[in-house]
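Can you build the whole structure from these sequences, using the hints too?
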Amino acid sequence: MQFWYFLTALTLISALMVVLSKNPIHSVLYLVFTFFCISGHYVLLNAQFLMAVNIIVYAGAIMVLFLFVIMMLDLRRNSPDSKTNLTKLAGAVVGGTVLVIFIAATRKINLGTGADNAFYNSQTGMVENLGQILYRNYLLPFELVSILFFVAMVGAVMLGKREAGERNF
Amino acid sequence: MNYQPSDYLPIIVQIGAALAFIVLTMVATHWLGPKRHSKAKDDVFECGIESVGNARTPISVKYFLVAILFVLFDVEIIFMYPWAVNFKTLGWDGFLEMIVFMSLLLAGFIYVLKKGVLDWEK
Amino acid sequence: MELTSTVFTAKAIYVGVIFAITLGVAAYSTYFERIFAAFFQDRVGPDRAGPFGILQPLADAVKMFMKEDFIPANSSKWLFILGPCLSMFTALMTSAVIPFGDTIDLGNGVKFDLQGIDVNIGILWVFGIVSLGVYGILVGGWASNNKYSLLGAIRAASQNISYELAMGLSIISILMMTGSLSTKAIVEAQQNGHWNILYQPVGFILFIICAFAECNRTPFDLPECETELIGGYHTEYSSMKLGFYLFAEYINMFVSGAVMATLYFGGYDYPFYETVVNSFGENVANLIGFGALIGKALFFVFVFMWVRWTLPRFRYDQLMNLGWTGLIPIAMFNVVWTGLIILLPAEFNLSSWASIGVAIAGIPVLIVGLFIYHSIAGGKKKKTALAR
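Taken in order, these protein sequences are the chains called Y, R and U. Every letter in the first sequence is one number past the one before it in the numbering used here, and letter 6, counting from 1, is 333. Every letter in the second sequence is one number past the one before it in the numbering used here, and letter 13, counting from 1, is 32. Every letter in the third sequence is one number past the one before it in the numbering used here, and letter 272, counting from 1, is 263.
Derived from the structure by calculation, the hints contain no laboratory data. Be aware that one or more of the hints could be misleading.
Derived lysine-lysine pairs resembling BS3-like cross-links, with alpha carbons at most 25 angstroms apart [to be verified]: (1) R:60 - U:68; (2) Y:488 - R:81; (3) U:58 - U:68.
Take a look at the structure:
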């Protein structure tokens, strides 16, 4: 339990640092660290496969993509100067509204009386059991996911492919 | 097998040992070496030619496309892990499921190749 | 296994021992690399520090520590320090899930696994940590604020992520045979000589190529290709920060050797295990198994060096083409073929020899397929070249 508090504090601090740090590269690295802490939470929940997937996909793949994008942009020229008072006010209003919605939503949550012992199995999060459910009960969504990937691939190529005669560096 | 979160406790020892080694080495090398600065030495090293412009120029969009395709393929491969682990119990049904999944993956792959995204010679 | 305080202490000591072995092997790899280089090129090699130059790694370490810890003026200081630290950290963390040996009886009925952590995700741990290895190089290269470093870093990152895909796919066929991600289970399924290499020759070749690329070793060492990029991502580095980058490479070599031994060469399995158990007891037999795994890993380290002084390096487009258009389709073919190896003998009640036969039959099928593909694709390329 003490470990949970420690991990949660670490997660929140690093998540805050993502938003607060000025350098985008620092932000990305803090975000990677945040994903690690979340993986720690998955371990505590005994969802070991999700923990590994979280590290491989989020920390190992998507964050690398983010780093690439940030390195591709010219940081000095593209620094946003558009922080007028109006945008600050709009940001504050949006953020405040989201905060109010979150507080209202969490007040309604019924946490229940803990795990139902009749259905509780500590090994549910293991890869063997996960695969049994995914490839027997949820077969159609799984095959649809592959179509989603196909569409995503086409979209990425359409966005990124350079046309003839365009400057490349 | 009964796997529990406590299986991971030894990893904390390993993280601690690795961090201790890294920090100690870094501090030691910083403390032991000499410190002599000069204008030319603090400049970036580009084979003696004076450096022009900023090093952090935008890079080719090809690298970005490779990274985006990597993310997509990586997630697809992750989907194959639970399948591979259960392969023997799923039998022929599982085999056919994965043939369908992989043929779609292969179709996307061939599309990417035909579009010349991975063509580095141009 | 119950995690009592005795076992935890034993684990802590074990982690220390594995650290010492990895660092020691990495340090002496530098020495042996130079010895082998000298042998291949008909030179003498390091012979000044101590008898046969045996103290050379120690001398190198002292030199590294005494060099100036240099940080360029217009670099990002903290990221510049963080880069090599991340590289080293990821290199040191990979070995946690590798089963270096079977159980040791500590007395009082306490059994102790010679393995850092035996977890359900096993090999995915290695895969995850390897995928983080990109950050050390990318951050270090970007922080240097040097054109060559940045180019080297971007190259390294693209290369690593490209070969990660083929690596992930080649592991899948192992998992299909074992039915578990746990490295311990993978090794136990291979005991008594049923090594996976017999069933997965194509998978092993894919994996070793990807291991070369992930370690940035020749012929895939374009990130630090000195003819084009000075030193690549570590151009601006000096003292132990440079040492960390180089050291991490050697640690990765050793660990990937151990992973290859675990996945394809039976892990701590060795011939005549039963005889040794009968004459010397189980503890001795399992300690020899520990030695067997280290020996296999060292053999792969030797293969890494052998290849380095034999093959020239690729061009960058060749490297990316090999990773994407070469290895990924072959790996996908291998997954399908492995499915057949498992399902067909089960369907017709054939022996394990038959599945080995089917596995080896995969190689000619693959070669013929590649030949047909290349004759079609190559013909097209020639035609377009002529049309121009």
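_Just to be careful, I want the Cα atoms of residue 488 of chain Y and residue 81 of chain R compared with a cutoff of 25 angstroms; is the pair within it?_
Holds - the C-alpha atoms of residue 81 of chain R and residue 488 of chain Y are around 8 angstroms apart, at most 25 angstroms.
*Take the C-alpha atoms of residue 60 of chain R and residue 68 of chain U, compute the straight-line distance between them, and say whether it is at most 25 angstroms.*
holds (16 angstroms)
_Restraint status (C-alpha distance of residue 58 of chain U to residue 68 of chain U at most 25 angstroms)_ = Roughly 18 angstroms between the alpha carbons, so the hint for residue 58 of chain U and residue 68 of chain U holds.
Comparing the model with each earlier hint shows no violations; every hint is respected.
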